[in-house]
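Student: Here's the letter readout for the chains.
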Amino acid sequence: MSLEFEKPILELEGKIAELRHVTSDNRVNIASEITRMQAKADKLLVQTYGKLTPAQKVQVARHQERPHFLDYINYIIEDFTPLAGDRNFAEDHALIGGLGRFKGEPCVIIGHEKGHDTESRVYHNFGMARPEGYRKSQRLMKMAQQFQLPVITLVDTAGAYPGVGAEERGQSEAIAKSIETCLRTEVPIISVIIGEGGSGGAIAIAVADRIYMLEHSIYSVISPEGCASILWRNGAHAEEAATALKLTAQDLHRLGIIDDIIDEPIGGAHRRKEETMENVSRQIEKALNELIPWDRSSLIQNRRSKFIAQGRNL
Amino acid sequence: MNWLTNLIRPRIRSLVEPKDVPDNLWQKCAGCEGMLFHRDLLENMNVCYHCGHHLRISVKDRLEMMFDNGAYDKIDLPDVPHDPLKFKDRRKYADRIKDSRAKTGLKDAITIAKGTMGGIPVVIAAFNFSFMGGSMGAAVGEAILKAAEEAVKSRAALITVPASGGARMQEGMLSLVQMPRSIIAVEMVKDAGLPYVVLLTDPTTGGVSASFAMVGDIHIAEPGSMIGFAGRRVIEETVRETLPDDFQTAEYLLEHGIVDMVVKRQELKDTITNVLSMLMKKPQPEKKAKNGNGNGKKSGKGGNPKTNGKAPPASGEKASIDMEKDVQAARALGQVKAAQKAARRISKPPQKSAAKKASNS
Chain L
1 MSLEFEKPIL
11 ELEGKIAELR
21 HVTSDNRVNI
31 ASEITRMQAK
41 ADKLLVQTYG
51 KLTPAQKVQV
61 ARHQERPHFL
71 DYINYIIEDF
81 TPLAGDRNFA
91 EDHALIGGLG
101 RFKGEPCVII
111 GHEKGHDTES
121 RVYHNFGMAR
131 PEGYRKSQRL
141 MKMAQQFQLP
151 VITLVDTAGA
161 YPGVGAEERG
171 QSEAIAKSIE
181 TCLRTEVPII
191 SVIIGEGGSG
201 GAIAIAVADR
211 IYMLEHSIYS
221 VISPEGCASI
231 LWRNGAHAEE
241 AATALKLTAQ
251 DLHRLGIIDD
261 IIDEPIGGAH
271 RRKEETMENV
281 SRQIEKALNE
291 LIPWDRSSLI
301 QNRRSKFIAQ
311 GRNL
Chain Y
315 MNWLTNLIRP
325 RIRSLVEPKD
335 VPDNLWQKCA
345 GCEGMLFHRD
355 LLENMNVCYH
365 CGHHLRISVK
375 DRLEMMFDNG
385 AYDKIDLPDV
395 PHDPLKFKDR
405 RKYADRIKDS
415 RAKTGLKDAI
425 TIAKGTMGGI
435 PVVIAAFNFS
445 FMGGSMGAAV
455 GEAILKAAEE
465 AVKSRAALIT
475 VPASGGARMQ
485 EGMLSLVQMP
495 RSIIAVEMVK
505 DAGLPYVVLL
515 TDPTTGGVSA
525 SFAMVGDIHI
535 AEPGSMIGFA
545 GRRVIEETVR
555 ETLPDDFQTA
565 EYLLEHGIVD
575 MVVKRQELKD
585 TITNVLSMLM
595 KKPQPEKKAK
605 NGNGNGKKSG
615 KGGNPKTNGK
625 APPASGEKAS
635 IDMEKDVQAA
645 RALGQVKAAQ
655 KAARRISKPP
665 QKSAAKKASN
675 S
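Those sequence lines, one after another, are chains L and Y. For the first sequence, counting from 1, position 228 maps to 228 in my numbering; every step adds exactly one. Counting the second sequence from 1 gives a position; my numbering is that position plus 314.
No lab work stands behind these hints, which were simulated from the structure alone. Worth double-checking, as some hints may not be accurate.
[Said to hold, decoys possible] Once the Cα atoms are required to be at most 30 Å apart in a straight line, the calculated BS3-like pairs of lysine-lysine come out as:
{"id": "1", "chain 1": "Y", "residue 1": "LYS504", "chain 2": "L", "residue 2": "LYS306"}
{"id": "2", "chain 1": "L", "residue 1": "LYS142", "chain 2": "L", "residue 2": "LYS15"}
{"id": "3", "chain 1": "L", "residue 1": "LYS306", "chain 2": "Y", "residue 2": "LYS595"}
{"id": "4", "chain 1": "Y", "residue 1": "LYS460", "chain 2": "L", "residue 2": "LYS306"}
{"id": "5", "chain 1": "L", "residue 1": "LYS306", "chain 2": "Y", "residue 2": "LYS428"}
{"id": "6", "chain 1": "Y", "residue 1": "LYS417", "chain 2": "Y", "residue 2": "LYS388"}
{"id": "7", "chain 1": "L", "residue 1": "LYS306", "chain 2": "Y", "residue 2": "LYS467"}
{"id": "8", "chain 1": "L", "residue 1": "LYS306", "chain 2": "Y", "residue 2": "LYS421"}
{"id": "9", "chain 1": "Y", "residue 1": "LYS402", "chain 2": "L", "residue 2": "LYS51"}
{"id": "10", "chain 1": "Y", "residue 1": "LYS406", "chain 2": "Y", "residue 2": "LYS417"}
{"id": "11", "chain 1": "Y", "residue 1": "LYS578", "chain 2": "L", "residue 2": "LYS306"}
{"id": "12", "chain 1": "Y", "residue 1": "LYS421", "chain 2": "Y", "residue 2": "LYS374"}
{"id": "13", "chain 1": "L", "residue 1": "LYS306", "chain 2": "Y", "residue 2": "LYS342"}
{"id": "14", "chain 1": "L", "residue 1": "LYS103", "chain 2": "L", "residue 2": "LYS51"}
{"id": "15", "chain 1": "L", "residue 1": "LYS142", "chain 2": "Y", "residue 2": "LYS374"}
{"id": "16", "chain 1": "Y", "residue 1": "LYS595", "chain 2": "Y", "residue 2": "LYS342"}
{"id": "17", "chain 1": "Y", "residue 1": "LYS342", "chain 2": "L", "residue 2": "LYS51"}
{"id": "18", "chain 1": "Y", "residue 1": "LYS388", "chain 2": "L", "residue 2": "LYS51"}
{"id": "19", "chain 1": "Y", "residue 1": "LYS400", "chain 2": "Y", "residue 2": "LYS428"}
{"id": "20", "chain 1": "Y", "residue 1": "LYS402", "chain 2": "Y", "residue 2": "LYS460"}
{"id": "21", "chain 1": "L", "residue 1": "LYS142", "chain 2": "L", "residue 2": "LYS286"}
{"id": "22", "chain 1": "L", "residue 1": "LYS142", "chain 2": "Y", "residue 2": "LYS460"}
{"id": "23", "chain 1": "Y", "residue 1": "LYS342", "chain 2": "Y", "residue 2": "LYS596"}
[Claimed, not checked] For each label pair, taking beta carbons as the anchor points, the in silico distance ranges come out as:
{"id": "24", "chain 1": "Y", "residue 1": "GLY419", "chain 2": "L", "residue 2": "ILE230", "range": "24 to 34 Å"}
{"id": "25", "chain 1": "L", "residue 1": "THR118", "chain 2": "Y", "residue 2": "ARG415", "range": "46 to 56 Å"}
{"id": "26", "chain 1": "Y", "residue 1": "PHE561", "chain 2": "L", "residue 2": "PHE89", "range": "17 to 27 Å"}
{"id": "27", "chain 1": "L", "residue 1": "PHE89", "chain 2": "Y", "residue 2": "PRO558", "range": "50 to 60 Å"}
{"id": "28", "chain 1": "L", "residue 1": "GLY235", "chain 2": "Y", "residue 2": "THR556", "range": "17 to 27 Å"}
Cβ coordinates follow ideal geometry from the N, Cα and C atoms, glycine included.
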């Protein structure tokens, strides 16, 4: 998948690759040309990513090659032990959770998985969780509290699944209770928006002591498309809606909704996955070191005060 | 200058403010298309006296209907930053707010008030759907926090009455965070050991239904109310099938175990008062609720379905089947008394609305 605004860069990179190919074939020395073009491509990448519009960030945040939940699990978590099911109805493959070790210390980790190809995307329901997912999340948070393990949540969803079964089984209740559980869990909770933070389905697991966003991730009350079709009565206005909604990490940091922004490599997380995950890992480690010494009641009190203060001093 | 404020201003106000008298003396019921005379309708708490359809009701009428003698103290809404995103779609959000304020005479989509119900202190936070679809932004979240604080301070029960399409998009993420903020409000009430009752009214959807509206100790819904997370259209587009007529109705939620009961408007006050009196260990309230403004009079006009003071089963047929099972189980256990009791329940004729539904299907 290539993004429209990345086309000039990709074309240049294509040419460079071709030239390299030629070089190795004919042993013609055009190294200086390659260097020149590479420098141009790099510059273009820096320029483009330095001034992404909100609508472009929406595309980057949804990029299929972006590191997803399971990539993080493989890269930053050891001994991941997925724990399935809400003990009532079903297992939800869109919202995964379990035990694992982060930097050697046991923790509970929960997050949305969108999948990386057609088959896995269908399996993970495109990262759109049903009530069972949110109930499993509640179960795991309660367990985290019981055993005093910190909780890490990675958010990447277009939203909670809008389906008949989801409504029948109380999607609203599951999300509401999930938020309530976040607020009551007396262990540190760290949330990172790694891609798309879509509305209630996202905030259900993102009521945390520290909330971070990757540089080009988004977090919004409604998708720009949905907002445009309601307020402009025309989905074609999604670009304007993306700007108006103030859904970028930079805007939300300014508005005090998130605590910090985690840098992405130049050209976005999808270009250098490991570097991105390394950055996320470093930020989580820092936050945990800070929060682990806190006693239980001040954690809860601070979490509440943090949200109560949101939006009050703008 | 007194004459200016005392005489002229009210006159100007009366010209500008919305009047209590409806434009049309007659209106059509959305449920049965029967004609309804405004005064009769008002007397019947905005419930159709032909078919029992619950029409939407203003916050003012709602509060008068709930509080003892229709008397209550309105609590001022806390001030919040105004339009922090400087949001503009086809129109400016600031202008939309101004219009809604002019149209409704309210500051935002919620009214909070305190008073008593059957002598029990309560704080009520009621939504006004006509103010931007009852959407929840910072003002609403802040008001719910205020209502909770007030409840804790005066050892009162908290009752919320959502009627909302969900979060207020024009406030972006600042509206989404009202979900945890409103739940924090509820937590304060629960921490204080006070009851929190949600009265779900038409409609309760999106971020409102997925937050404070679904964490009540008791969930009561008005008949026929639309309650759900995703909108019907969104679901239809996602699953590409037509949804049943009763999808996301109060009765459907009752069947699926999401609300405790569906209660007719005329019985709401008694039901809530009774529940609160038990939860708060207060003396048993008198059976008949008193309403000061006369709205609460049970008119008994044509075809008002008879009730037994309990939540009606959503589907008469299914309920009887379930009860049949109860009877069998009870008999099997030799609990003759329980069997007789269950049998008595069955012998009661099914509710009118349920019977209608059964004949349709």
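Student: Does each hint fit the structure? Answer for all of them.
Tutor: Quick rundown of the hints versus the structure:
no., hint, verdict
1, Y:LYS504 / L:LYS306, "19 Å, holds"
2, L:LYS142 / L:LYS15, "54 Å, violated"
3, L:LYS306 / Y:LYS595, "35 Å, violated"
4, Y:LYS460 / L:LYS306, "17 Å, holds"
5, L:LYS306 / Y:LYS428, "28 Å, holds"
6, Y:LYS417 / Y:LYS388, "19 Å, holds"
7, L:LYS306 / Y:LYS467, "22 Å, holds"
8, L:LYS306 / Y:LYS421, "26 Å, holds"
9, Y:LYS402 / L:LYS51, "22 Å, holds"
10, Y:LYS406 / Y:LYS417, "17 Å, holds"
11, Y:LYS578 / L:LYS306, "40 Å, violated"
12, Y:LYS421 / Y:LYS374, "14 Å, holds"
13, L:LYS306 / Y:LYS342, "49 Å, violated"
14, L:LYS103 / L:LYS51, "34 Å, violated"
15, L:LYS142 / Y:LYS374, "42 Å, violated"
16, Y:LYS595 / Y:LYS342, "43 Å, violated"
17, Y:LYS342 / L:LYS51, "56 Å, violated"
18, Y:LYS388 / L:LYS51, "49 Å, violated"
19, Y:LYS400 / Y:LYS428, "33 Å, violated"
20, Y:LYS402 / Y:LYS460, "29 Å, holds"
21, L:LYS142 / L:LYS286, "24 Å, holds"
22, L:LYS142 / Y:LYS460, "29 Å, holds"
23, Y:LYS342 / Y:LYS596, "42 Å, violated"
24, Y:GLY419 / L:ILE230: 24 to 34 Å, "26 Å, holds"
25, L:THR118 / Y:ARG415: 46 to 56 Å, "50 Å, holds"
26, Y:PHE561 / L:PHE89: 17 to 27 Å, "19 Å, holds"
27, L:PHE89 / Y:PRO558: 50 to 60 Å, "20 Å, violated"
28, L:GLY235 / Y:THR556: 17 to 27 Å, "23 Å, holds"
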